[in-house]
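Construct the complete structure from the given sequences, taking the supplied hints into account.
Quick note, the sequences are listed as chains A and B, same order.
Everything in the first sequence is counted per the numbering used here, starting at 1 for the first residue and increasing by one.
Everything in the second sequence is counted per the numbering used here, starting at 1 for the first residue and increasing by one.
The set of hints was computed from the structure by calculation and includes no laboratory data.
Treat the hints with care, since some could be wrong.
In silico DSSO-like links for lysine-lysine, alpha-carbon gap of 27 Å or less [said to hold, decoys possible]: (1) Lys151(B) x Lys114(B); (2) Lys231(A) x Lys431(B); (3) Lys87(A) x Lys151(B); (4) Lys87(A) x Lys164(A); (5) Lys161(A) x Lys107(B); (6) Lys194(A) x Lys218(B); (7) Lys231(A) x Lys12(B); (8) Lys431(B) x Lys12(B); (9) Lys6(B) x Lys229(A).
To list a few chain A residues with every Cβ distance to chain B over 10 Å, as calculated [claimed, not checked]: (10) Gln125; (11) Trp200; (12) Lys231.
Owing to the predicted nature of the structure, the values given are computational and were not obtained by experimental measurement.
Positions of the beta carbon are idealized from the N, C-alpha and C atoms, including for glycine.
Residue-level listing of the chains:
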Amino acid sequence: MNESTLFTVTFILYIVAAFFYLAMLFTKKEKWAKTGRALAIAGLVSHTAALLMRTFQSGHAPFTNMYESLSFLSWGMVLAYVLIDRKSNIPRIGPYLMLIVVGLVALASSPLMPKEATPLVPALQSYWLWLHVSVTLLGEAFFAVAFVTSILYLTADTEEKKNKMDAASYRCVAVGFPLFTLGGLVFGMVWAYKAWGTYWSWDPKEVWSLITWLVFALYLHTRIVMGWKGKRSAIITIVGFLAALFTYFGVNYLLSGLHSYV
Amino acid sequence: MKSAWKFFASVKLAIVLLILLAVASVIGTLIPQGRTPAEYAARYGQLAGVFTGLQLTSLYHSGWYLALLFFFALNTIVCTVSRLPAKWRRAFSPKVEAEPSGLLAFKVKSRFGKNVSVAEARAKLEALLASRHYRVKSHSAGKRLCVLAQKRKFGHFGSDAVHLGLLVVIAGGIVSGLAGFRTRLELSEGQTAPVPRAPFEIRLDRFETEYYPQGMVKAWKSTVTVVEGGAGVLTQAILVNKPLTYKGFSFYQTSYGSDWNNPKLEVTIKKKNDPSFSRTVTLNVGERAAVDDKDVSQISVKRFVPDFVIGDGGQIETRSEEPNNPAAQVEGWKGAEQIFSGWIFAKYPDFEQMHAGKPTDLSFVLQSYRGSEYSVIEAARDPGVWLIWIGCLLVTSGFFLAFYWPPFEIRVVIEECRERTDVTAGGHAAKSRESFQAEFDDLMDSLRRSA
Chain A
1 MNESTLFTVT
11 FILYIVAAFF
21 YLAMLFTKKE
31 KWAKTGRALA
41 IAGLVSHTAA
51 LLMRTFQSGH
61 APFTNMYESL
71 SFLSWGMVLA
81 YVLIDRKSNI
91 PRIGPYLMLI
101 VVGLVALASS
111 PLMPKEATPL
121 VPALQSYWLW
131 LHVSVTLLGE
141 AFFAVAFVTS
151 ILYLTADTEE
161 KKNKMDAASY
171 RCVAVGFPLF
181 TLGGLVFGMV
191 WAYKAWGTYW
201 SWDPKEVWSL
211 ITWLVFALYL
221 HTRIVMGWKG
231 KRSAIITIVG
241 FLAALFTYFG
251 VNYLLSGLHS
261 YV
Chain B
1 MKSAWKFFAS
11 VKLAIVLLIL
21 LAVASVIGTL
31 IPQGRTPAEY
41 AARYGQLAGV
51 FTGLQLTSLY
61 HSGWYLALLF
71 FFALNTIVCT
81 VSRLPAKWRR
91 AFSPKVEAEP
101 SGLLAFKVKS
111 RFGKNVSVAE
121 ARAKLEALLA
131 SRHYRVKSHS
141 AGKRLCVLAQ
151 KRKFGHFGSD
161 AVHLGLLVVI
171 AGGIVSGLAG
181 FRTRLELSEG
191 QTAPVPRAPF
201 EIRLDRFETE
211 YYPQGMVKAW
221 KSTVTVVEGG
231 AGVLTQAILV
241 NKPLTYKGFS
251 FYQTSYGSDW
261 NNPKLEVTIK
271 KKNDPSFSRT
281 VTLNVGERAA
291 VDDKDVSQIS
301 VKRFVPDFVI
311 GDGGQIETRS
321 EEPNNPAAQV
331 EGWKGAEQIF
341 SGWIFAKYPD
351 FEQMHAGKPT
361 DLSFVLQSYR
371 GSEYSVIEAA
381 RDPGVWLIWI
391 GCLLVTSGFF
401 LAFYWPPFEI
411 RVVIEECRER
421 TDVTAGGHAA
431 KSRESFQAEF
441 DDLMDSLRRS
451 A
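Shown next, in the form of structure tokens:
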């Protein structure tokens with residue numbers, strides 16, 4: 001079995017998982033969520049295998065172009081969801097998250113994204129590629145789960161559901177924010193210093209990471225010191241996720257700068 | 001003074017500053033930074049003046065952005081310092097005495113009676129707390145014993161470590177800005193250049209570009225020698241991601257380029273009437289090359305430009321240093337007599353402009369042109385960088401403490417009261433309340449059930 005077959009198998013598993021989760025949503029029967037979760041985990045396993053195979057075949061980290069990094073991000077999102085689900089046990093996150101994952105995997109599989117593994121350009125030949133990109137994308141994956149729980153907070157109808165979603169959002173930010181800070185900003189600065197001799201150049205991608213960081217710093221201060229919870233926290237989380245999304249995706253297509261790889 | 005302190009001790013100010021910094025930073029990514037006035041005028045028309053006036057075109061180095069950062073730093077210092085003494089007391093020299101009624105006001109609490117002596121209850125409690133890694137302090141007064149148990153005290157200081165780390169990073173940025181310097185060195189093979197402010201020179205021994213089998217660039221590699229007092233002291237290859245560091249200076253492979261002052265050219269001479277005739281000569285600018293033909297004995301190249309353009313005054317210029325339209329001015333000689341002169345274009349071989357003294361059937365093709373390659377090495381010294389790494393370490397460990405090292409605190413009052421012993425306990429955890437509640441209930445359960 002090669003990487004693209006495994007990737008297709010993963011895609012199918014995620015679609016079927018999303019289908020079962022949606023069945024849970026419409027029939028209100030929690031048993032479908034169990035099937036959905038099992039399929040999502042199966043998808044995660046085959047996705048892991050696909051990423052490993054990609055790494056062995058290309059000889060470098062599996063996130064050096066948009067196809068690879070979308071694949072890795074969606075892998076991180078499923079992983080983050082499975083971990084949060086174990087702690088929070090909110091099956092309602094499943095359908096929405098899996099739909100986003102299916103969307104991302106579909107985007108990665110689309111002809112828009114060149115799939116061939118190309119050798120690394122000199123700037124990317126560093127072990128910091130592994131540390132910087134994987135940790136940042138994992139942080140962003142947790143932000144994505146926080147985004148889903150925040151939307152669900154805003155649309156929840158009972159106080160109990162709202163409290164659960166608020167707690168789950170905080171849990172995601174508590175994992176995502178340190179990862180994003182370490183991977184995106186700290187490792188990014190170390191790598192920039194090693195490659196370019198300057199740890200900070202006010203490049204658009206750097207500035208947008210800083211903006212994302214400022215939004216989540218705002219989230220923590222308003223929440224912990226000023227006691228903002230619930231609606232306002234949810235809105236700040238959504239803004240923070242959108243900033244992270246723009247850092248990851250938008251900067252490359254809309255703004256020009258040094259960081260023109262992925 | 002007091003009101004200024006109060007102003008900067010406010011978290012509301014921090015929130016306002018976070019929002020202002022975020023919004024300002026967004027603006028700086030929407031307006032391209034550090035371009036020429038002409039580019040701004042072309043892009044924004046009348047608004048260009050407003051943008052430049054507000055320093056939006058060099059936003060991150062503008063006075064007002066730096067002022068925002070300064071206020072942010074001041075706010076962080078005052079906020080952290082003003083909250084630190086109370087936290088410190090709470091963690092390291094807390095009051096052990098407590099009233100049972102006070103403990104019952106805690107969110108996490110328990111109260112029960114036991115038929116054992118105060119001393120027995122105490123021994124049991126302390127053993128239980130120790131098994132859960134709590135540090136215990138106690139105070140006994142008459143028939144009452146107060147116990148304070150704490151664990152993961154350093155978790156109180158997570159946010160302080162993050163704040164301190166940020167300040168150290170900002171300090172590092174200031175040091176880098178004031179004392180750091182960087183400069184570009186353009187070196188051809190064999191060339192030695194002094195490094196500004198350094199007591200040594202650097203020589204480029206070799207510059208190579210390595211390619212993958214698919215034809216993509218694999219590496220740019222400059223082999224350099226550090227020359228000190230006329231003698232080479234260290235030879236090392238510099239690659240992208242592999243800088244050379246020597247005596248506080250670092251050298252980075254940043255770019256490369258071609259020097260078009262004296263390129264190596266290849267010119268092919270053909271005859272329109274004799275398609276079988278073809279002769280190729282290799283020469284530099286200003287050099288004559290022998291053709292040894294009856295019609296033309298020698299050719300020379302008078303001038304070469306990498307990007308041919310005719311300027312406003314009709315003069316020939318180069319538009320850029322990129323080989324976009326390489327052209328050479330060739331001259332043909334028959335003995336000492338110049339028989340023609342004209343420009344030939346590598347990308348437009350059919351478009352030759354000859355000014356021949358007599359009509360000629362010769363034609364010329366600029367086959368290849370190769371400027372001597374030079375390597376661009378950036379030399380930098382940044383004494384602020386260590387502060388940056390220390391700050392990053394503090395921020396990272398602060399995050400760990402703040403999110404994953406929650407301090408737990410349990411207070412217990414054991415009192416002898418009419419032939420039995422009353423136990424009242426209250427607990428507090430600012431974070432991880434669920435796991436704290438579970439641990440607290442478990443501890444109290446074990447204590448109640450113990451004989």
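Taking the hints in turn, this is what the structure says about them:
A C-alpha spacing of about 26 Å is found between Lys151(B) and Lys114(B), which places the hinted pair at or below 27 Å, so the restraint holds. For a cut-off of 27 Å, the pair hint linking Lys231(A) to Lys431(B) stands: about 20 Å separates their Cα positions. Pair hint Lys87(A) plus Lys151(B) holds up; C-alpha atoms about 23 Å apart against a cutoff of 27 Å. Straight-line distance between C-alpha atoms of Lys87(A) and Lys164(A) comes to about 11 Å, which keeps the hinted pair within the 27 Å bound.
Under the criterion of a C-alpha separation no larger than 27 Å, the hint pairing Lys161(A) with Lys107(B) is consistent with the structure, at around 22 Å. Annotation: proposed proximity of Lys194(A) to Lys218(B) holds, straight-line Cα distance about 18 Å (limit 27 Å). With a C-alpha separation of about 19 Å, the suggested pair Lys231(A) and Lys12(B) falls inside the 27 Å cut-off, and the hint holds. Between the alpha carbons of Lys431(B) and Lys12(B) the distance comes to roughly 22 Å, so the proposed pair stays at or under 27 Å and holds.
For the hint linking Lys6(B) to Lys229(A), the alpha-carbon distance of about 25 Å falls within 27 Å, and the restraint holds. The Cβ of Gln125(A) sits about 6 Å from the closest Cβ of chain B, inside the 10 Å cut-off, so the non-interface label is violated. Residue-level check failed: Trp200(A) sits 7 Å from the nearest beta carbon of chain B, not beyond 10 Å. No Cβ of chain B comes within 10 Å of the Cβ of Lys231(A); the nearest lies about 17 Å off, and the non-interface call holds.
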